[in-house]
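J.: Listed here are the chains, written in short residue letters.
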Amino acid sequence: MISLLSHLLNGLSLGSVYAIIALGYTMVYGIAKMLNFAHGDVIMIGAYISFCVVFYLELPPVLALIIAMAVCMVLGIVIERLAYKPLRQAPSLSVLITAIGVSYLLQNSAQLIWGANTKAFPKMFTLPDANLFGGNVHIANNTISMLDGRLNVSGNTVLTIITCVVIMVALTLFINKTKMGKAMRGVSEDKGAAELMGINVNLTISVTFAIGSALAAVAGILLCSTYPTLLPTTGAMPGIKAFTAAVFGGIGSIPGAMVGGILLGIIETLGKAYVSAELGDAFVFAVLIIVLLFKPTGLLGKKIHEKV
Amino acid sequence: MKINKNLRSNLITYGIVIIAFIFCQLAISPDVKGITISRVMRNQLVPVCAYIVLAVSLNLTVGISGELSLGHAGFMSVGAFTGVVSASWLASAFTMVNEAGKTVPVMSNTLMLILSMIIGGVFAGLAAVLIGIPALRLRGDYLAIVLLAFGEIIRNLLNCVYVAVDGAAIKLALPLAGSSAPTFGQTAKVVIDGAKGTKNSVMSVAFNNERFIVAFVLVMVTLIVIFNLINSRSGRAIMAIRDNRIAAESTGLNVMKYKMMAFVTSAVLAGMAGALYGLNMRTVTAVDFDYNMSIEILLIVVLGGIGSIRGSVIAAVLLKLLPEQLRFLQDYRMLVYALVLIIVMLATNSPLLKNLLGWLGSIKSIADFGKGVVNGGKKVRGGALRGAAAVVGGLAGGVGGVASWLEKRQHALEAKADGVKKIDGKAGDAE
Amino acid sequence: MSQNMKKRLLDTKMVPVPSISIVPERDVNKRPVLETRHLGIEFGGLKAVEDFNITVGPTEICGLIGPNGAGKTTVFNLLTKVYQPTTGTVLINGKDTSGMTTEQANRMGIARTFQNIRLFSNMSVEDNVRIGLHNQIPYSMLSGILRLPSYWKAEKKQHEKALELLSIFGMQDMADVKAGSLPYGAQRRLEIVRALATNPSLLLLDEPAAGMNPHETEELMRNIIKIRDDFQIAVMLIEHDMNLVMGICEGICVLNYGRIIAKGTPEEIQQNPVVIEAYLGSQNKEGDK
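Protein chains in written order, with this note's numbering: chain V, 1 to 308; chain S, 1 to 431; chain G, 1 to 289.
These are computed hints drawn from the structure, not numbers from a lab. Hints may contain errors.
Some chain S residues judged to face chain G by a derived CB distance under 7 Å, without partners named [unchecked claim]:
{"hint": "1", "residue": "S9"}
{"hint": "2", "residue": "N43"}
{"hint": "3", "residue": "P47"}
{"hint": "4", "residue": "V225"}
{"hint": "5", "residue": "N228"}
{"hint": "6", "residue": "L229"}
{"hint": "7", "residue": "S232"}
{"hint": "8", "residue": "A237"}
{"hint": "9", "residue": "M239"}
{"hint": "10", "residue": "D243"}
{"hint": "11", "residue": "N244"}
{"hint": "12", "residue": "E249"}
{"hint": "13", "residue": "T251"}
{"hint": "14", "residue": "N254"}
Ideal placement from N, C-alpha and C gives every residue a C-beta, glycine not left out.
My request is simple: use the sequences and hints to build the entire structure.
T.: Here it is in structure tokens:
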């Protein structure tokens, strides 16, 4: 029972990372109608940047987070402007192949810059030691222990889940309350009509890529804090899984990305714990295939009628 | 019947392949002086043939059927694994005692190779049917990602599979969570050893001209199948569905049937190539057939021109043989691949180019227009390559700069850390 | 739907639909090629087409007209099963098509063209027509790959038939041209040839004269009648060019806000006040104010 609870919490944490990455996919898909294959590799770049800031420049982790977000934002905008913008009218096959190319470019550039060897990701954020709730909850060594020490939760797990909730709330408010958020929704409905209404479509798309990439940087740091091995391919698999999460939840839907990410994280963790550690990834992808088989629009996605 | 454009173009492709094959035979033959081929190149001949088949078959899905498949390596791995198993089984189930009193397989290696390729193709085709029924209802990006997922599932599964042959019996095990490798008994011979991959003890890995001839025949069969399919009723239906699905449905085409036909044909050919590839190696592991391999095959298709079969053949040869010649570029090879993918896509979709072609078309007759497209395409490809080279140069410079700075910084930090250690050590000594 | 639209819909007076069919006399005692019963479809609560009843005789040329957004193309999509109806049924040659796919509907004998041209634009003109002949002159995939005698025989037959069909519009010389590079009018004509190649008993034409000049339109009118006479099939067309509609249609059905507001011969339709109101807006109400 306790171990199930612990697996669920770990799944929730992994799912939160997937959810944050999936947000980037879903926003870009909703607005630019393209699968940004390189998104997973932006995560990796974010992780490397924060690693460099902490390790080489010896700056505090908060600064690392900010610098990584800023670099990824710029990277996201540059990628969109150089590689995707010229292909807005092109068939989706061309766009997808370009995105794959960008993904490969980032991976191989990272390999040339940082080498193919694993980098040990430093500890970035730790919880302060404390005793809470009348001594029922101890925090020590970045681990929260509850129920007389039978349930131990890593500080990273809690941090990841909290970050995810904060991002979710902030993004929902941004999309629904701000002018730019409204512009985004407009562009995702109908690019042409939005343009006629005086919305700067290029700016809106750039902002979307910037937000998505900044979130990717956050996800990169959270991911590497939990699994502290950093490689040029670190982002690829979580990226693909997060896309699976976005499809699972219904692509284009922000709550969908959240729900899909968390469910997928829990499925993966439980599958690895109770069925087979080797086949954990296979479970995730089997889920994708089953979902698309029965509900191609995902859990919270809208059905789109093809115009004839 | 008059020789039409298609037929002439197909004949040229067959011709190129046959001439290349004859050239290789001359180079291999010890009797012919003057034309030689290095050992490294010679050992690449069979894998290159496998890659040609893979690229041409992927082009059927991507170029002719218009669906992006990111799981082609999955079908290849199914073919490779089942191919190795079937060859081992054929060698162990059908044996005889030769004059020297040794137990040897009844069939020759070549026959076993051919049969194993067929079996590999059949299994890959079955896998394609299984995945195609749900997946081909999806469109575009979704299909691509599902096929990628499929490739990863296959890789995951093959990583945990253990197979052994024992006489005429095939023993299979799929141990789940945590359990160690299963034992199959004394007489059994392990063929697939989980994550360690296949154990090919049937065929020698050294270059074998008969195997090369089989590989060449596979390439020819692939070309004949694909060309004849394209220029038939079924192939036209596949292309019509690519061009406009709704119109194709309204014209009475069974969309699923023809998508499936293209997909399964492509998978069968990939499976045959996989079996050939797997039996040409001492061992292949599931990890060899990951997503990166799918991308590498896709790169060949894109570079050769999506939809151009001849382009795929030539690009496969260049891409598999050139890196051997361009060792100095090794570090930048994948970077160049990535840039080429992007630049080719940008160039073929640029409105500037389209306008240029439209202008060409308006001043000349329609027949010239076609030529213009072809020439334009070639020019762009050349231009793109030159552009790519420039970008790579710049990028390499930049990347190199950053990398060298990082290295310096690393050394500085290491020196500092050493210093700290030394101090610590001294402190320790003092205590 | 906006408030204003709803109000206007309620204001639209419904004339009693003539109980007698508009099928021309020669077809009256024959089995109709198309019959719809209470056909309707909803998109997220919006009734795009509602209670659509029509009967088309086996050699009739009938027109479907109405203002923009009236639901005409939606009707075509319902008939060809691109959309599955929410209510009602479509009978083709007396057979119920419920649950059928677009492909099956085509095999039942219904072929169409599209308002926004949908050719197989990377294929040649002849190959476009050959796709239409796909189910008419078949052979297996295997005989195609192995080039068996049945392949050569069927290919020859397809070639001849394709050229014959193209010659209806005098397009046989363009057989090798890429369909996407044809001029606009020729593309529309090619779509008709491709639809005809599927050997339909009912041909649906969605704005066949769009983008054509008066001279081309006139030729198209002659050709539509010729097709009807030569192939003995029914033609149903959506068109905004009233000269074409009034010139060749025997029966006309007027659609507004997804409902049939009038049916009748061209003369009846031209004089129908409800139709005039639908097209030009209400004169009286303006006057009342």
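J.: Any of the earlier hints contradicted here, and which numbers?
T.: Those not satisfied are hints 1, 2 and 3.
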